[in-house]
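*Asks:* As a plain string of letters, each chain reads:
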Amino acid sequence: MSISKNPLKNGHIILDTNFIIKAYQNIDTPYFDNIFTVLKDNNCTPIINEYIKFEFLRGCKKSKQFFNKLDYLKALSEITLKTNDDICQNALEIANIYSNKNINKNQISIVDIYNSAFLKKYNKNITLITTDYNDYPIYLHNRFKVDTVDTEKEILTLVYFEFDISKYEKCIKDFNKTN
Amino acid sequence: MKNNNTSKPKELRNTSYTWDLEKIKFFARKVFNDERKMKAEEARNQCQYQKTH
Numbered sequence: 001m002s003i004s005k006n007p008l009k010n011g012h013i014i015l016d017t018n019f020i021i022k023a024y025q026n027i028d029t030p031y032f033d034n035i036f037t038v039l040k041d042n043n044c045t046p047i048i049n050e051y052i053k054f055e056f057l058r059g060c061k062k063s064k065q066f067f068n069k070l071d072y073l074k075a076l077s078e079i080t081l082k083t084n085d086d087i088c089q090n091a092l093e094i095a096n097i098y099s100n101k102n103i104n105k106n107q108i109s110i111v112d113i114y115n116s117a118f119l120k121k122y123n124k125n126i127t128l129i130t131t132d133y134n135d136y137p138i139y140l141h142n143r144f145k146v147d148t149v150d151t152e153k154e155i156l157t158l159v160y161f162e163f164d165i166s167k168y169e170k171c172i173k174d175f176n177k178t179n
Numbered sequence: 001m002k003n004n005n006t007s008k009p010k011e012l013r014n015t016s017y018t019w020d021l022e023k024i025k026f027f028a029r030k031v032f033n034d035e036r037k038m039k040a041e042e043a044r045n046q047c048q049y050q051k052t053h
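Taken in order, these protein sequences are the chains called R and L. Sequential numbering from 1 applies to the first sequence in my numbering. Sequential numbering from 1 applies to the second sequence in my numbering.
Hints were generated in silico from the structure; no laboratory data involved. All C-beta atoms, glycine included, are put in the ideal place defined by N, C-alpha and C. It is possible that part of the hints are untrue.
DEER-style ranges, computed between Cβ atoms [as the list claims (entries may be wrong)]: (1) L/R29 / R/N42: 22 to 32 angstroms; (2) L/K37 / R/K82: 25 to 35 angstroms; (3) L/H53 / R/L70: 34 to 44 angstroms; (4) R/N42 / L/K37: 17 to 27 angstroms.
List time: in silico DSS-like cross-link candidates among lysine-lysine, alpha-carbon distance up to 25 angstroms [unchecked claim]: (5) R/K64 / L/K39; (6) R/K173 / R/K121; (7) R/K22 / L/K30; (8) R/K124 / R/K82; (9) R/K53 / L/K37; (10) R/K22 / R/K9; (11) R/K74 / L/K51; (12) L/K8 / R/K9; (13) R/K167 / R/K145; (14) R/K105 / R/K9; (15) R/K40 / L/K8; (16) R/K82 / R/K105; (17) R/K5 / R/K167; (18) R/K53 / L/K23; (19) L/K30 / R/K153; (20) L/K23 / R/K9; (21) L/K25 / R/K22; (22) R/K145 / L/K30; (23) R/K9 / R/K82; (24) R/K74 / L/K37; (25) R/K74 / L/K10; (26) L/K25 / R/K53; (27) R/K124 / L/K39; (28) R/K74 / L/K25; (29) R/K5 / R/K124; (30) R/K121 / L/K10; (31) R/K145 / R/K5; (32) L/K25 / R/K62; (33) L/K25 / R/K9; (34) R/K22 / R/K53; (35) L/K39 / R/K40; (36) R/K53 / L/K39.
I would like the entire structure built from these sequences, with the hints used as guidance.
*Replies:* Here it is in structure tokens:
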């Protein structure tokens, strides 16, 4: 297993939808200040992709709610990465690796699979922060930092992931061995 | 500070994000307040529905 020294330094980080939600629900606690300060001090740029944008913005009953959420997303992220053929191919391979590892297809959402596909595509340049570590199995990803946050309402586990190409190649090899 | 390392994929080059925690907090509070209002409204509607049915 090879974990870079500090993957956050001068990098880009995908903010998973659950992190974006927990951040606004706990914005006036000091914990998220600390997290954002760590990212800022590392010159780490927060980004999202079009799947995260969709997942976060869906379900608005009123236009005011939609535009407030959009403003929040714009303040919180620099770029919305777009899907392309490579990413769709990555997503399909990752989804089938999960099936090969007997993960039920309803267990990990399509958005999380696409997040992994983006991590693979921009490997070494992009990391991800999430509150649900089960969505990023360690046979494809490395957890390089874990923070536990007690907000008094709940205890959150914030996990930082990077994609591990060597693990992926092993998984693809295992998949290709099957008939 | 610009994150413009040329070894990066083009989609990630020349990004100029500036962390502005106050701006993030300002919009986050608006989203949080909207959510609280919506939940309160839903609860009121539910009560009203139960009263009339």
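*Asks:* Quickly compare the C-alpha distance for R/K82 and R/K105 to 25 angstroms and report which way the hint goes.
*Replies:* holds (24 angstroms)
*Asks:* Could you grab the alpha-carbon distance between R/K53 and L/K37 and see if it respects the 25 angstroms cut-off?
*Replies:* holds (22 angstroms)
*Asks:* Please verify whether R/K5 and R/K167 have alpha carbons no more than 25 angstroms apart.
*Replies:* holds (18 angstroms)
*Asks:* What's the verdict on L/K25 and R/K9, does the C-alpha distance respect the 25 angstroms limit or exceed it?
*Replies:* holds (24 angstroms)
*Asks:* For the pair we were handed, R/K22 and R/K9, check the Cα-Cα distance against 25 angstroms.
*Replies:* Holds. R/K22 to R/K9 sits at ~23 angstroms (cutoff 25 angstroms).
*Asks:* Does the beta carbon distance between L/K37 and R/K82 stay inside 25 to 35 angstroms, or does it fall outside?
*Replies:* Once the Cβ atoms are compared, 33 angstroms apart, the range 25 to 35 angstroms for R/K82 and L/K37 holds.
*Asks:* Can the restraint linking R/K145 and L/K30 be considered satisfied, given a maximum Cα separation of 25 angstroms?
*Replies:* violated (30 angstroms)
*Asks:* Starting from the range 17 to 27 angstroms, see whether the pair R/N42 and L/K37 falls in it by beta-carbon distance.
*Replies:* violated (36 angstroms)
*Asks:* For the pair supplied as a hint, R/K64 and L/K39, confirm whether the alpha-carbon distance does not exceed 25 angstroms.
*Replies:* holds (15 angstroms)
*Asks:* For the pair supplied as a hint, R/K145 and R/K5, confirm whether the alpha-carbon distance does not exceed 25 angstroms.
*Replies:* holds (11 angstroms)
*Asks:* Take a quick look at whether L/K25 and R/K22 sit within 25 angstroms of each other, Cα to Cα.
*Replies:* With a Cα-Cα distance of about 13 angstroms, the restraint between L/K25 and R/K22 holds, given a limit of 25 angstroms.
*Asks:* Could you grab the alpha-carbon distance between R/K74 and L/K37 and see if it respects the 25 angstroms cut-off?
*Replies:* holds (22 angstroms)
In summary, the structure is inconsistent with hints 4, 11, 14, 22, 27 and 35 from the numbered list given earlier, while agreeing with the others.
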